[in-house]
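Undergrad: So you can see what is in the structure, the chains are spelled out below.
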Amino acid sequence: MAEPLLNIQNLHSNIGQYHILHGVDLQVPRGGLTVLLGRNGAGKSTTLRTIMGLCQVTGGSIAFKGEEIGRLRTPLIARKGIAFVPEHMGVFSLLSVRENMELAAIGGPMEQQRLEWIFELFPALKKFWHRPAGTLSGGQKQMLAVARAIIEPRELLLIDEPTKGLAPAIVNHMRDAFRQLKDAQTTILLVEQNFNFAKSLGDTVAVMDNGRIVHAGSMAALAADPALQTRLLGLSLDQHQ
Amino acid sequence: MTAQNNSPPTLKQVGAHSLQRIARFRMEYPHYFLLLLIGLVPLLFINFNIWLMLTISGAAMGLLIFIMASGMTLTFGLMGVLNLGHGAFISLGAYLGAAVLAFLGGAAAAPSIAANLGAIVPALLLALGVAGVLGLVFERVIIRPVYDSHLKQILVTVGGAIIIEQLIQVVWGASPIPVTRPQALAGAVVIGDMVIERYRLLAVVIGLGIYWAMIQVINRTKVGILIRAGVESTEMVEVHGYRIKLLFMAVFVVGSALAAFGGVLWGMYQELITANVGEQILVLVVVVIIIGGLGSVTGCFFAAISVGLVNLYVGYLVPPLGGVAAVGLLVAVLMWRPQGLIPVIQV
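Here the protein sequences come in this chain order: L and D.
The first sequence lines up with residues 4 to 244 when you count with the numbering used here.
The second sequence lines up with residues 4 to 350 when you count with the numbering used here.
Wrong hints could be hidden among the right ones.
[As the list claims (entries may be wrong)] Each computed BS3-like pair below joins lysine-lysine, with the alpha-carbon atoms no more than 27 Å apart:
no.: 1; chain 1: L; residue 1: K83; chain 2: L; residue 2: K185
no.: 2; chain 1: L; residue 1: K130; chain 2: L; residue 2: K83
no.: 3; chain 1: D; residue 1: K248; chain 2: L; residue 2: K83
no.: 4; chain 1: L; residue 1: K83; chain 2: D; residue 2: K225
no.: 5; chain 1: D; residue 1: K225; chain 2: L; residue 2: K129
no.: 6; chain 1: L; residue 1: K185; chain 2: L; residue 2: K68
no.: 7; chain 1: L; residue 1: K185; chain 2: L; residue 2: K167
no.: 8; chain 1: L; residue 1: K185; chain 2: L; residue 2: K129
no.: 9; chain 1: L; residue 1: K167; chain 2: L; residue 2: K202
no.: 10; chain 1: D; residue 1: K225; chain 2: L; residue 2: K130
no.: 11; chain 1: L; residue 1: K130; chain 2: L; residue 2: K185
no.: 12; chain 1: L; residue 1: K202; chain 2: L; residue 2: K185
If you are wondering where the hints come from, they were derived from the structure by calculation, not from laboratory data.
Can you build the whole structure from these sequences, using the hints too?
TA: Have a look at this one:
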């Protein structure tokens, strides 16, 4: 097997004095979409935040393209080619949609062609281009947050619950957007509670509990095995529906 | 029925409608509302010519306060850093300005504006430069170790301010020193029966110029986008690959330089300065940044002019209350809008 794009080994991290991750081992293969599942409080968001340098690493290693990034500061990690969409989306509400996007384009002015592609994915952004981002709806903010992450080609996208609280129609938009990103060979690590959404996109899956990875494998295998789902997630997809 | 509907609205309806519109204006543009209220109400009590004189003087004072306060509101907004050493930079600017004006006495004493500017501009540039460098040292040595504790920031920045003020006394002595206004700016212009000090007109022009330039930078440039974004969330600015501490340091340096720049102008405005001139004006500076909404340059601008105007109007109408007018305004504004005119920091 080829070397994974992101290789996390025995990762421990703290939020303040609380020890949250207790030895996470996670490999994210290049070019695929990996889904991180698990109950609330299992440490999924903390894993993403730790990769991004927002939580203090207290042990273990995070290798990105073979290079240790576990102790780098957040801006440097971002400039290695990793984009992060946090759960609260983190759009700058007093900035216009355009300014949000300009800020995200660290390499220079936005490329027109890429912008057109983003407008195709998320037409609402074009419509509200000059509006303050704070006036957008929740779904539109989510679109903006994802759009910011992809305004320039990134090697790895860390996305925390993009479908949370979104209307079904917008969830389908998101799904299309992620499919296109996958087609463009972008590697994505997605935290998701919506199993249907996760199943339709994921290539590989990892399940967390109590700050550890308790299962890792292919999404197809998990989706086909209701007993495993019940054991890992507390309920099976069939029961869920 | 139709006839009744087409009849002109009664006075009561018109009144209710206008009140609604005023209420909306007050909500949406609180800074304009406050300025109009403060600027126009005194017209009821003061005759027009005197009002105009007071207004120009108040605006001049307010704009000088704005120059001194703008840096402080941004450093607080961006990193939550309370820099009570800001006043020392104002004092430093006033002394440097006075020194340069004395040194270039020939140019300052000449009766032409061009020659006078030949003394004022070097004074301003020297103050900008020295305070900028000192601001850099101050940020690295004094502020950086205490980023996360307001209490420590207060203690350590007050300490830093005391050191700078004592150094000023070492160089220039403890007794007050006079600041000579350049010749062409010393007098007053007389229009009809109005007498307006020339220097105040200059202060208005410079203050408006600085505000215009700051707004251009903040609204039109990438650095401006980053500053506004950083005031909202430093974490998300870092997530996008920008080093917030570097940005903060730059803002701190510019803010310190502007404090000294304002100090030069304030020294010429006061005409007699002591080493704690900055500490004295710092009270008004803090009032202004709180009224304006911490972190908002536009709020700071409107608050500064409002404070300048209130100071002059109240000082004219009820002289004993002149000294506390600004604090009274602070109390009134906070009762109306606890987060200031233009709140930009999410609490």
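Undergrad: So which hints don't hold here, by number, going up?
TA: Hint 2 alone not satisfied by this model.
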